[in-house]
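If you're matching them up, the sequences are chains A and B in order. Here this note's numbering is used: position 260 in the first sequence is 279, and no number is missing along the way. Here this note's numbering is used: position 146 in the second sequence is 282, and no number is missing along the way.
It is worth saying that the hints were derived from the structure and are not from the lab. Computed from a prediction, not measured in an experiment: that's the story for all the values here. Cβ atoms here follow ideal geometry from the backbone N, Cα and C, with glycine treated the same way. Keep in mind that a hint or two might mislead.
Now the stretches of chain A that chain B is said to cover, found in silico as 3 or more residues with beta-carbon under 8 Å [said to hold, decoys possible]: (1) 167-176; (2) 184-196; (3) 280-289.
Only some residues are given here: those of chain A computed to face chain B with a beta carbon under 10 Å [stated by the list, open to error]: (4) G29; (5) F105; (6) R110; (7) Q180; (8) G275.
Non-contacting residues of chain B with respect to chain A, defined by C-beta distances greater than 12 Å in every case (computed) [what the hints assert, rightly or not]: (9) R145; (10) N160; (11) C298; (12) Q310.
Next come the chains, spelled out residue by residue.
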Amino acid sequence: MQQEVTTIQGDSVLLRPFQAGDAEEAARVWTPELTHMYGGTRHATGPAEAESRRRRFAQSTADETQHFFCIEADGRYIGFAILGKFDEANRSASWRGGIENSQYWGRGYGTEVVQLMLRYAFDTLQLHRVHLRVAAYNVRARRCYEKCGFRVEGIERQSFQVDGEWQDDVLMAILREEWEARRAGAGVARNGGNIRSYRPGDYEAVVELWRDVGFDVDERDDAAALSRYVLLNPGLFLIAEADGSVVGTVLASWDGRRSIVYRMAVGPGWQRRGIGTRLMAEVECRLKVLGARSVALLAWRDDQRAVGFYEALGYQIGEGVAFMMKRLDAAEESNDGLECC
Amino acid sequence: MSEAQVRLRPHTEADLPHYVEWLNDPEVTEFTQVEAGGGTLEGEREWFARISAPDCGTRNWAIEADGRHIGNCALHLHESGEMAGFGIIMGDKTQWGKGCGSAALREVLRIGFQEMNLQRIHLTALGGNTRAVRCYGKCGFRHEGVRRRHFLKRGKWQDVVCMGILREEWEAEQCSKK
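Taking the hints into account, I'd like the entire structure generated from these sequences.
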């Protein structure tokens with residue numbers, strides 16, 4: 020595929036072709052952490068690094084099957100961005116890239132670059148789908164991709180080895196309609212700013228909140244289980260934050276066909292301020308972007324407050340529906356009966 | 137049901153006309169990740185030359201039942217040499233539904249893990265191909281993900297199901313069979 024655009028200007032970065040000085044700068048900022056980030060064993064750099072980078076940059080530039088950009092910020096090379104593996108019949112491509120100068124990590128540069136490249140992929144190249152793979156342990160990159168609208172599509176188990184240990188790859192992708200829906204404003208950004216996705220650091224506060232509102236918290240809710248939930252349902256575990264603490268939660272799941280909302284909770288001191296309504300609006304919006312046409316939830320019929328809250332949001336009690344359930348861990352005599360959250 | 141008997145053998149020139157016929161059969165290619173109509177004898181001769189080259193990154197086999205060539209399958213080796221992708225086409229429609237595909241796959245798994253010493257074998261299937269997905273599950277593959285609207289098949293976007301089996305999973309299954 021022919022290179023159609025040579026430079027892309029963002030607010031704080033410029034994507035442009037490889038030029039003199041880039042390889043030397045890449046060698047200068049190189050850290051062993053980088054190879055680990057890309058899925059290799061951490062190794063030290065040598066004097067040949069600049070030369071090897073120059074050769075690889077020149078190869079990438081000459082390779083007509085991909086679109087290769089160097090990322091510039093403050094007048095210097097800070098990383099690279101590639102759209103490659105173009106599949107013409109299926110109008111898809113694969114993303115690869117990284118911010119290599121560690122001074123620019125954690126400051127939104129990666130997010131800006133990915134967003135610029137997605138705009139290029141969907142608007143300029145008219146692609147249908149952009150996918151990527153990322154080492155499961157590369158949490159910073161995964162968070163960046165999630166922020167940019169990529170969804171986890173799968174986990175390739177034991178996909179590569181680092182220092183003798185098998186590691187998983189996470190497969191992610193964003194579709195054209197998801198990109199367009201985000202651009203139309205159907206995202207978190209417009210919603211006041213203090214509703215965001217769950218992060219592992221929220222764990223203690225979330226469990227405390229759930230206990231405060233009377234949810235049973237058991238081994239299904241340990242930190243690993245909640246992290247797994249986030250991996251399987253990216254962007255569907257939401258936190259409401261106020262004054263720096265967690266004041267509300269909602270979880271949703273979407274299996275490609277149906278969606279369910281649960282664990283909707285607002286802390287005792289924070290109720291009746293519209294936080295629950297905003298959490299529900301955000302989660303519904305996200306489900307809609309994913310393609311859900313309806314959403315279901317469970318509430319106790321006698322809990323007039325809960326039922327009234329959901330009715331005010333447009334939920335209707337299903338007529339003629341029986342809620343059925345069977346315990347699969349029947350070895351223990353169950354005494355807690357049915358659960359609905 | 138007892139397992140169907142199949143034999144895997146290297147391809148010969150004589151297999152090529154069968155392959156061309158299958159690739160042009162819309163029923164055979166209903167769920168393949170190539171569109172029907174692409175097969176020509178010339179194209180398959182090139183393919184045969186490619187897979188016969190010593191540095192070819194795939195291991196290819198013809199599947200035989202009762203001495204008849206009924207399908208093809210292959211392992212596409214990853215550059216690391218530690219994993220491979222599996223592909224299969226069951227061309228002889230009279231042999232469908234008899235478990236020949238599963239039998240061929242089980243033999244490929246044995247070769248991959250026992251002889252080639254692979255760590256992992258994976259495959260993809262079009263989302264609509266429920267029969268194949270069920271068969272792969274029975275052979276020990278685990279569901280690893282769904283690439284959404286990844287493939288344009290006969291004008292419609294199709295999801296692609298990703299499945300994988302690890303060496304230890306395959307070994308555990310061999311032990312439990314004994």
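Here is how each hint holds up against the structure:
no. : hint    : result
1   : 167-176 : holds (count 7)
2   : 184-196 : holds (count 4)
3   : 280-289 : violated (count 0)
4   : G29     : 28 Å, violated
5   : F105    : 14 Å, violated
6   : R110    : 8 Å, holds
7   : Q180    : 7 Å, holds
8   : G275    : 7 Å, holds
9   : R145    : 31 Å, holds
10  : N160    : 18 Å, holds
11  : C298    : 5 Å, violated
12  : Q310    : 18 Å, holds
Violation of the numbered hints given earlier is confined to hints 3, 4, 5, 11; the remaining hints are satisfied by the structure.
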